[in-house]
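Asks: These are the residues of each chain, in order.
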Amino acid sequence: MKKLYQDTFRSVEEIQNRFEEAKYICSDQIATCVYIAHNLQKPILVEGPAGVGKTELAKTTAEILDVPLVRLQCYEGLDESKALYEWKYAKQLLYTQLLKDKLGELLEGASGLSESMDKIHSHDDLFFSESFLEPRPLYKALHEELGCVLLIDEVDKSDHEFEAFLLEILSEFQVSIPELGTIKAKIKPLVFLTSNNSRELSDALKRRCLHLYIPYPDEKLESRILSSRVPELSDTLRKEVVSFVQNVRELDLKKVPSISETIDWAKTLLLLHSEQLDPPMVKQTLNVLLKFETDIEAMRDHTMAFINKAHKRSGT
Amino acid sequence: MQQTLEDFYKVVRAAGVNISPSDSIETSRSVTLVGYSNRQILKNAFQVSLAKSLAEQDLVAECFEQYFRFNTFETIEQLGHEQKNSADANADEAIPVPTDEYQGDQPLAKMLLDRDAASLSTEMKKAAREVGLSDIWFFTQKSLYTQQIMQKMGLRDLQNEIAQAAGKGDCPGGTGLAEELRQAKDYLAEQVKDFVEQQLSMFGKNAAKNLREEHLQSAKLSNIEQRDFHIMHHLVLKMAKRLSTQYSRKKKRENRGQLDFRKTLRRNAAYDGVLFETYWKTKYIDKPRLMVMCDVSGSVQAYARFLLLFVYSLNDVMTRIDSYVFTGNLINVNDIFEDYPVEQAIDIIMDRHGLGGSDYGTTLLDLEDQCMDDIDNKTTVLILGDARNNFLAPRSEVMQLLYQRAKRVIWLNPEPENFWKTGDSVMYKYRPYCHLASTCNTLEHLERMLDKLLKAATGTV
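Protein chains in written order, with my numbering: chain G, 340 to 655; chain D, 612 to 1072.
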């Protein structure tokens, strides 16, 4: 394990190459963004449709930098006690029960209520120390000795209040815990926030981040991604799959297939030993690509045309 | 380089992307980091640092392509060719003037004659910066800036040079040089003009539009012309959105805040008074119920249109909107708003019920008959009209009743206050029975009034 900022990337190309080694094919824009974020220690806000590799980007970055990945999944109602820390109430209770006798001994010889109180006071910090603290992702991320990649997933699902709370962490990388004082990050984590745009994020949050939008990949990029993720796939089939999916994306569908679905579909076809796309096979496996019955229905008329186009594309 | 970056931020701002000072500082850091060697990477760096949404990313990319385009003076090689061709046709013995014949030391003339596109372009940009071309925002400033830039580049000297060359009229080489310089000057003027136009299109992108919108916001609603309706519609929606985000924020205060002791005691009576279940005081925003009454007679029709448009755009911060229009009788138009999109509904209402002289007395009697029972202490009644009653009975006693029943009665009158007692206006009779009566004849007034209404209704004064 190395420190997070120990070896900085020297150029954007280097990032692209390193990502490619880790089987993540990224566009110029993604690489530039990671390059700036890593060098200037700024958080990245990643937006884009589901399944284009937003979460994967954070994971791969952690892998390349050889640091742990701390992940915080956001949802409605998420609050500090789930995100930052919580006291282990049960453990505190258990300990007080176990130590009841000791307490008796401790208080022996004390006369009067105030003296007993003072005696207890001199020990009560024990119960609010780090051994009774349940660390949650944000706390963990600040505490990593060597730095880490912090992934705050689907931040748009959280409430306004939580978003405001994040601001302190994202700009100062420190939080205040009343019982313990201010905790500052040992090494600033590299933060990725992902969003599906289910609601508009506040300007204050956006301002603190680099903004990266990952769109659906074009044909060339998708082909490269597929060959890196499913290397066993033959050239012909890969070209056909990519062409088919690109065509499907142009239809007016409820849920357009993204990269992860393309990869799943390619794997499915591989498993079924198909050499090239043929109508019955496509029809049977379409549910891997499309997730809504209405979408599959809408595809029915186009399947043949798209398969033919795909064949033309691959030259068979 | 700093100046170049600052100008670029100006361009991006003009295109409608908000860039705060801290954004520009961070962006400058990013740019320093990635360097200027690779155009694509530089563009990406700008995009990820400046833009805050997908739409803004496209805007930034567009601005980048426009701003960092270096095609000025690229046609300089063609300069003088046409003249030579025509000269060839006329007389074969006319010798093309070799450029090295120029002996003067005027730098501009030299650059032009040397076809030195790079230096010319640098000089022009330097001059542009000196005269502050990045402040250009309106098309009428074009020629002013063109002239100023040319002057800075040394137009006067060039003209002297031309005059001098022309003065040596007896020497054929002299006139040739004068002619060539003159052509070069025209070419320069054209290039500078192009450049200024290009800059205007970047720096002044939204200025004209903003100016127009600003004007429309404060223009009298009755003076707004049909062709501006779509811009007005857009403006109304923008204002309405601002108001509704302000007033529609859900407040999640359950389990927090103060303990409601009375309710807790009452609820726990069942547990023998042991405080078992707690009940907290919760804050929630009370959405207003609105009843809108619009006069649609000729004199106030235009105002009614925009009021209705505005009110219906605020749909999500109102529990319920009941709308009525009147000239002589009160007519409920809820069904039209249910069946058609707002804009279309307004057109239909104006067609069907518009025109005719207004009779406030009858209208108020109708109100008493039809809907007095629906009005309770949660209802805000919004009346739009000029209260010009054509000398009929005003029936202000109904207004009094309304005043007593409703939460608030608000009267919007397009006429200024000192007209309220003149001619057939009975506004002075209704006025005591309104919680709020005010002049309202521009979009800004309208926004302010609705803001007040929502403020009072939601109790966030």
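Because the hints were derived from the structure by calculation, they are not lab data.
Idealized CB from N, CA, C, for every residue including glycine.
Hints may contain errors.
Quick list of simulated restraints, FRET-style, between CB atoms [as the list claims (entries may be wrong)]:
(1) S833(D) <-> S515(G): 45 to 51 Å
(2) N378(G) <-> T615(D): 21 to 27 Å
(3) Y344(G) <-> D1062(D): 48 to 54 Å
(4) I516(G) <-> T615(D): 23 to 29 Å
(5) D669(D) <-> R349(G): 29 to 35 Å
(6) L848(D) <-> D574(G): 41 to 47 Å
Asks: Run every hint past the structure and note whether it holds.
Replies: The hints, checked one at a time:
1. S833(D) <-> S515(G): 45 to 51 Å: For S515(G) against S833(D), whose Cβ atoms are near 58 Å apart, the range 45 to 51 Å is violated.
2. N378(G) <-> T615(D): 21 to 27 Å: With a Cβ separation near 22 Å, N378(G) and T615(D) satisfy 21 to 27 Å, so the hint holds.
3. Y344(G) <-> D1062(D): 48 to 54 Å: Cβ of Y344(G) to Cβ of D1062(D): about 49 Å, so the range 48 to 54 Å holds.
4. I516(G) <-> T615(D): 23 to 29 Å: For I516(G) and T615(D) the Cβ distance comes to about 46 Å; the hint is violated.
5. D669(D) <-> R349(G): 29 to 35 Å: holds, 30 Å
6. L848(D) <-> D574(G): 41 to 47 Å: violated, 52 Å
The structure fails hints 1, 4, 6 (numbered hints given earlier, in ascending order).
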